[in-house]
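Could you slot chain B onto chain A? The hints should help.
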Amino acid sequence: MKLSDVMETLSLRPFTPVADPAIEINGGYCGDLLSHVLAAAAPGDLWITIQHHTNVVAVAQVAGIPVVIIADGKEPDDATVERARNGGITLLGTEESAFETSGRLHHALAVR
Amino acid sequence: MRFEIRAGDIEYGGSASAHIKAQLTQMGIDAAVARRAGIISFEGEMNLIVYSDNGGIVEVLVEPETIMIEVQDEGPGIEDVELAMTPGYSTAPAWATDLGFGAGMGLINMRKNADRFEIDSRLGEGTRIRCWIDRPVDTGSGEQEAS
Numbered sequence: 001m002k003l004s005d006v007m008e009t010l011s012l013r014p015f016t017p018v019a020d021p022a023i024e025i026n027g028g029y030c031g032d033l034l035s036h037v038l039a040a041a042a043p044g045d046l047w048i049t050i051q052h053h054t055n056v057v058a059v060a061q062v063a064g065i066p067v068v069i070i071a072d073g074k075e076p077d078d079a080t081v082e083r084a085r086n087g088g089i090t091l092l093g094t095e096e097s098a099f100e101t102s103g104r105l106h107h108a109l110a111v112r
Numbered sequence: 113m114r115f116e117i118r119a120g121d122i123e124y125g126g127s128a129s130a131h132i133k134a135q136l137t138q139m140g141i142d143a144a145v146a147r148r149a150g151i152i153s154f155e156g157e158m159n160l161i162v163y164s165d166n167g168g169i170v171e172v173l174v175e176p177e178t179i180m181i182e183v184q185d186e187g188p189g190i191e192d193v194e195l196a197m198t199p200g201y202s203t204a205p206a207w208a209t210d211l212g213f214g215a216g217m218g219l220i221n222m223r224k225n226a227d228r229f230e231i232d233s234r235l236g237e238g239t240r241i242r243c244w245i246d247r248p249v250d251t252g253s254g255e256q257e258a259s
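From first to last, the protein sequence lines stand for chains A and B.
With the numbering used here applied, the first sequence covers 1 to 112.
With the numbering used here applied, the second sequence covers 113 to 259.
Just chain A, with the same shape it has in the complex:
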C-alpha cells in the first residue's frame, strides 16, 4: 500500500514534508520503548508511537524506518521536525490512539 493511500485512509497529517508519498508500506511496528523498536522493527516498517522527541528520528534513521506516526495527538517540537526533515524521515500525526491507528493500518494492509 502506497504511503499516500495510508495517509488518506488513516487521515494522517504531516509534520514534515512527505519524503516519498509513493513508497510501499508493507508492515509496521507499534511501541514506545526505543530499544524494542530497534530490536523488532523491520527495515521499511512504519512506526507508530506516542514518543515525539528528537531521538525518535535517530531511531528511525538507524532502524531504516522511513515513516513515523505520532499518535494520541502528540506533536513534535521544532528541533525534532527539523532533524526529521534533514534526515529524510517523514513524521505524521493523528489524534487517534496507537491502538486505533495500528488496528486501522493492519486492516488496510490486510484487505488491500
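Since the hints were made in silico from the structure, they are not lab data.
Ideal placement from N, C-alpha and C gives every residue a C-beta, glycine not left out.
Honestly, I wouldn't trust all of these hints.
Stated by the list, open to error - A partial selection of chain A residues facing chain B, derived with a Cβ cut-off under 7 Å:
no., residue
1, D32
2, H36
3, Q51
4, A58
5, Q61
What the hints assert, rightly or not - Here are some chain A residues pointing at chain B (derived, C-beta under 10 Å):
no., residue
6, A19
7, V37
8, V57
Chain B alone, transformed into the frame defined by chain A:
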C-alpha cells in the same frame, strides 16, 4: 570515525549513530551490516548520555573483513555486568524512561547485533564495550558453481 559523546546530551542523542550508519552506507557497506552497526552504536551512544559520568567515545573501525564499534567511558562503571545484561534490568532514571529509554535491552541489543561482543567494566574506572560485525564475503559477480 570517532565521536565524542557528552553525558546528558539527550537532545543530540543518536546523531552520531545516524551519521555512522549513513557514512557506512555511503562507503558501500552491506545495508544489513550498516544497520546493525547503527543499532550497536545507538545503544552505546545512549548509554554514554544516560549513564556515564563525563561522556565518552564511540569509535568505528572499518576493516576489510569486519567492522568494529568501540564505546568507552571513564565511569562510573557497571557494578554487576551479568545483571546489567539481564533482559529488562535497568537503572535508568525516570527522565530517561519517560522518553522511551531504559527498557533494559541496550546491552542485549548490542550483543545481539554483533558477531563478537566484549564488555569490560570496572567500578570507579569505566566501561569499554567492543563489538565486531563480520562483513559478508564478496564472492564476485556472476560467479557460479560449476555444473
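A quick look at each hint next to the structure:
1. D32: OK, holds: D32(A) within 7 Å of chain B, min 5 Å.
2. H36: holds, 6 Å
3. Q51: Holds - the Cβ of Q51(A) comes within 7 Å of chain B, reaching about 5 Å at its closest.
4. A58: holds, 2 Å
5. Q61: holds, 4 Å
6. A19: violated, 15 Å
7. V37: holds, 8 Å
8. V57: At about 7 Å, which falls below the 10 Å cut-off, the nearest Cβ of chain B leaves the hint on V57(A) intact, so it holds.
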